[in-house]
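Asker: With the hints as extra help, turn the sequences into a complete structure.
Below are the chains, spelled out letter by letter.
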Amino acid sequence: MPHVSRRRLLSTGLGAMSLAALGACATPGTHSVNADPAIPAASGQKVRLTYWAWLKDFQKVADLWNAKNPDVQVDIVWIPGGNSGGYQKMYSALAAGAGPDLAQIELRSIPEFMLVNGLVDLNRYGAEEFAHLYDPTLWGQVSFTGGLYGIPQDSGPMATFYQPALLDKVGATPPKTWDDWASTGKELRKAGSYIDCFAISDASPFAAFAAQAGATWFRPEEDGWVINMTDDATMNVARFFDKAIDDDVVQTDFAHYSPAWFAAAAKGGIATITTASWGDALVEGVSGGKGKWKAAPMPVWGNTGFGSSYLGGSTTAVLAGSKHPREALEFAVWLTTSHEGIDAMIKNSGIGWSPAKDFVGTSRQQPSEFFSGQNYFKDVFVPASREQNPKWSWWPITQQTFNILSDGFRKKAGGTSLVDAVAAAEQDVITVFRNKGLTIRKEQA
Amino acid sequence: MSSTPAAAPPATSQEDREIRTGRSRQAGTSRGNRSRAAARAPWILLAPFLALFTLTFVLPIIVALISSFTKVTRSGLFGEKGVSSGFAGFDNYAQALGDANFIASIGRVLLFGIVQVPVMIVLCTILALLLESASARWPGFFRAAYFMPYGVPGVIATILWSFLYVPGLSPFIDIAGSMGITLDFLGPDHVLWSIANIVTWSYTGYNMLIIVAQLKAIPGELYEAARVDGASPWRIARSIQLPLITPALVLTTVFSIIGTLQLFAEAQVLKTSAPAIDSQYTPNLSAYSTAFAYNDYNVAAAQAVLIALAAFILSFVFLRLTNRKSS
Chain A
1 MPHVSRRRLL STGLGAMSLA ALGACATPGT HSVNADPAIP AASGQKVRLT
51 YWAWLKDFQK VADLWNAKNP DVQVDIVWIP GGNSGGYQKM YSALAAGAGP
101 DLAQIELRSI PEFMLVNGLV DLNRYGAEEF AHLYDPTLWG QVSFTGGLYG
151 IPQDSGPMAT FYQPALLDKV GATPPKTWDD WASTGKELRK AGSYIDCFAI
201 SDASPFAAFA AQAGATWFRP EEDGWVINMT DDATMNVARF FDKAIDDDVV
251 QTDFAHYSPA WFAAAAKGGI ATITTASWGD ALVEGVSGGK GKWKAAPMPV
301 WGNTGFGSSY LGGSTTAVLA GSKHPREALE FAVWLTTSHE GIDAMIKNSG
351 IGWSPAKDFV GTSRQQPSEF FSGQNYFKDV FVPASREQNP KWSWWPITQQ
401 TFNILSDGFR KKAGGTSLVD AVAAAEQDVI TVFRNKGLTI RKEQA
Chain B
1001 MSSTPAAAPP ATSQEDREIR TGRSRQAGTS RGNRSRAAAR APWILLAPFL
1051 ALFTLTFVLP IIVALISSFT KVTRSGLFGE KGVSSGFAGF DNYAQALGDA
1101 NFIASIGRVL LFGIVQVPVM IVLCTILALL LESASARWPG FFRAAYFMPY
1151 GVPGVIATIL WSFLYVPGLS PFIDIAGSMG ITLDFLGPDH VLWSIANIVT
1201 WSYTGYNMLI IVAQLKAIPG ELYEAARVDG ASPWRIARSI QLPLITPALV
1251 LTTVFSIIGT LQLFAEAQVL KTSAPAIDSQ YTPNLSAYST AFAYNDYNVA
1301 AAQAVLIALA AFILSFVFLR LTNRKSS
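Chains A and B, in that order, are what the protein sequence lines are.
Residues in the first sequence are numbered from 1 upward in steps of one, following this note's numbering.
Residues in the second sequence are numbered from 1001 upward in steps of one, following this note's numbering.
Please note that the accuracy of each hint is not assured.
[Claimed, not checked] Derived list of chain A stretches under chain B, where covered just means 3 residues or more per stretch with a C-beta under 8 Å from a C-beta of chain B:
hint : region
1    : 97-110
2    : 150-161
3    : 181-187
4    : 251-261
5    : 283-297
6    : 324-332
7    : 434-441
[To be verified] Chain A side only, calculated, beta carbon under 8 Å to chain B, not exhaustive:
hint : residue
8    : Pro70
9    : Gln73
10   : Val77
11   : Trp78
12   : Leu115
13   : Ser143
14   : Ser201
[Said to hold, decoys possible] Derived lysine-lysine pairs resembling BS3-like cross-links, with alpha carbons at most 25 Å apart:
hint : chain 1 : residue 1 : chain 2 : residue 2
15   : A       : Lys186    : A       : Lys267
16   : A       : Lys186    : A       : Lys176
17   : B       : Lys1071   : A       : Lys89
18   : A       : Lys89     : B       : Lys1216
19   : B       : Lys1071   : A       : Lys436
20   : B       : Lys1081   : A       : Lys442
21   : B       : Lys1271   : A       : Lys267
22   : A       : Lys190    : A       : Lys176
23   : A       : Lys411    : B       : Lys1081
24   : A       : Lys412    : B       : Lys1271
25   : A       : Lys436    : B       : Lys1216
Note that these hints are calculated values from the structure, not bench results.
Small disclaimer: the values here were computed from a predicted structure and weren't measured.
All residues carry an ideal CB built from backbone N, CA and C; glycine is no exception.
Answerer: So this is what it looks like as structure tokens:
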């Protein structure tokens, strides 16, 4: 028998340990929690849930639940919003096999988290029994291949906020169609204002306008994804904004809600903003804006498409590492459908549009002082929330698609049209899907 | 007051001789044990360092290398029909190098480095020479003042500067505008130089301090001799100070080259104000987006390896060039 020295033993052991450590470092997100057996509800024991969200003062909302449910206590941890750091934090936590029970995830980002096996299929924990409480369009946006991957928490039906005094200067009213919008924009330029921004650094408003015009960029089918970013609806929208930028009708130097936007809006350099319902809280941040803003339905694409669209909106999702998915689901449903939860979220956190089918929030049934005494929730956003494209589906590389698009939009200054940028982006997106091994095909016309 | 070699103790002292003879006496019996213990001692002393170094430095690099050669393939709409990972060869590298935006980001920081690094090095050298000249007033105060921006974190520095860059907020833009000049700090052609300005502001004082330290190490006799020979301050700077601070200049330049390739925080923060900055503006931002916004850890690992290689090659080439010149 060969003599094994202590040192040999030690070094072999260390080597084996580091190999094991390396083995544990497999590419993150390759194990599916939804293939594991379902976790039964905790009975009798005390449960502590952690919820990562970027809403402000959210603990106050959770405390209402905590007071009533001594056995299921929810702790809120604040994270930066979405892609400004929150998702990065969640992805790293998921990659490390850790993370909270619940997390705020935007509707559009649900498929991205599914791709890394980061979300629990809530239908396995009885989410179907709550489906009737929610706006069916939103419920559709979180349902994929028979599973449900997040509880809608708020959404963003779109409309236009405008400064009546600036429109009056050129004798205009809030534009009813996009053609009106373009001609009003030309008049406003003569008066030294822009009608709005076109964000070359963020493609999500463009996608929202395309969805309004009737586009459905992605469709999940049995045999893979079907992509169609170059349909007539999208191309019309691209051509429209190409012309608007060429005619200098829109501002492209800065994006909505950037410091430069707030400065321009306060000084009358920006007359309107077509944005989501949650934009009200941001517009209220324009200094000296009280009483100077109103809301109107967003412009429509002639006789085609829909009356409104959606921008943003988020869900309460249960992350793969959760030990108590059923309790997490029950909290999420209370949060987003009980009058108490919705009112508290509006009061403390200023959330977007309520996802509940029949309750918009008590305070949203009253007129707003900032918006010139207008009851814009009832008059503008309730109708808008019923006129959205129900077919739109989010896809697993939404953020990357938007970045590819905005990279193309940035070249507009150098002469590349938005139309060309969208067509090129479609090809790039197909390549990205295939690089990930996903099946995708172009819609046959 | 310096000690001459003559004053040093003799090379072989009584103690030395005793130790030597002692060692030779014992050699026959316990030489093996002794030398093995002696060989083991440095490893035992190094172990705490090596353990941490391996765990936090070597291992992550190895994991990144392995990750960069791995490919994850999903089937179905989201990978619900199975996920497999396997050896990818150089696929991830090909994908990284085939990404026009990633290549553009490398070109961008190279251009940035070619302009910003020399400007900063010249600036910090001038500041150091001025502060160390005989006629400098309050050198301690100014040294601290120039160094202060380094104490401001890059993120905060960028937020501070962005208030001077954003139209509608910036007094510079307002003043220039009233004189009929349109300034655009955040446009696609200018934003890189606006970032260069922030970086220069942050790091000039730090590099200056390294050079000042080296200037202080120059023996006083050299200055005395030069002055006796009637050299002007300009001649002293050129013939004595500059040649003697070359090592510090090389060091600061290499650090700056590496720092340029790692440019991240400034671009990331300025992104909110400048639409021209995309998600792959610098190589590090590109790797960050690929890993944490697109969840493509494997391609991100390949990008990170490429950035490290580029930093290594650039530093190596620069050191080679300066060594050749000095020898």
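Asker: Please go over all the hints and tell whether each is borne out by the structure.
Answerer: Results for each hint:
Coverage of the region 97-110 of chain A by chain B is violated. Counting CB-CB distances below 8 Å, 0 residues qualify, and the rule asks for three or more. Counting residues of the region 150-161 of chain A whose CB lies closer than 8 Å to any CB of chain B gives 0, which falls below the minimum of 3, so the coverage claim is violated. Residues of the region 181-187 of chain A with a Cβ under 8 Å from some Cβ of chain B number 0, which does not satisfy the need for three, so the listed coverage is violated. Residues of the region 251-261 of chain A lying with their CB closer than 8 Å to a CB of chain B number 7, which satisfies the three-residue condition for coverage.
Residues of the region 283-297 of chain A with a Cβ under 8 Å from some Cβ of chain B number 0, which does not satisfy the need for three, so the listed coverage is violated. Check result for the region 324-332 of chain A against chain B: violated, 0 residues qualifying (beta carbon to beta carbon below 8 Å, three or more required). Coverage of the region 434-441 of chain A by chain B holds. Counting CB-CB distances below 8 Å, 5 residues qualify, and the rule asks for three or more. The interface hint given for proline 70(A) is violated, since its Cβ lies 37 Å from the closest Cβ of chain B, which is over the 8 Å cut-off.
Because the closest C-beta pair between glutamine 73(A) and chain B is about 30 Å apart, greater than 8 Å, the hint is violated. Interface hint at valine 77(A): violated, since its Cβ lies 18 Å from the closest Cβ of chain B, which is beyond the 8 Å cut-off. Restraint check, tryptophan 78(A) versus chain B: the minimum CB separation of about 18 Å is more than 8 Å; hint violated. Hint status for leucine 115(A): holds, given a least beta-carbon distance of 5 Å to chain B, under 8 Å.
Interface restraint check for serine 143(A): the shortest CB-CB distance to chain B comes to about 12 Å, outside 8 Å, so the restraint is violated. Nearest Cβ of chain B to the Cβ of serine 201(A): about 4 Å, under the 8 Å cut. The hint holds. A C-alpha spacing of about 19 Å is found between lysine 186(A) and lysine 267(A), which places the hinted pair at or below 25 Å, so the restraint holds. About 15 Å separates the Cα atoms of lysine 186(A) and lysine 176(A), which keeps this hinted pair within 25 Å; it holds.
With a CA separation close to 23 Å, the supplied pair lysine 1071(B) and lysine 89(A) stays within the 25 Å bound. With a CA separation close to 46 Å, the supplied pair lysine 89(A) and lysine 1216(B) exceeds the 25 Å bound. This hinted pair checks out: lysine 1071(B) and lysine 436(A) have alpha carbons roughly 9 Å apart, not beyond 25 Å. At roughly 22 Å between alpha-carbon atoms, lysine 1081(B) and lysine 442(A) fall within 25 Å of each other, so this suggested pair holds.
Between lysine 1271(B) and lysine 267(A), the direct Cα distance comes to roughly 23 Å. Compliance with the 25 Å bound is thereby established for this hinted pair. For the suggested pair lysine 190(A) and lysine 176(A), the alpha carbons sit about 21 Å apart, so the restraint of at most 25 Å is met. Only pairs whose Cα atoms come within 25 Å are accepted, and lysine 411(A) paired with lysine 1081(B) is rejected, the gap being roughly 39 Å. Distance hint between lysine 412(A) and lysine 1271(B) is fulfilled; the C-alpha atoms sit about 18 Å from each other, no more than 25 Å.
Simply put, lysine 436(A) and lysine 1216(B) have alpha-carbon atoms about 58 Å apart, too far for the 25 Å limit, and the pair is violated.
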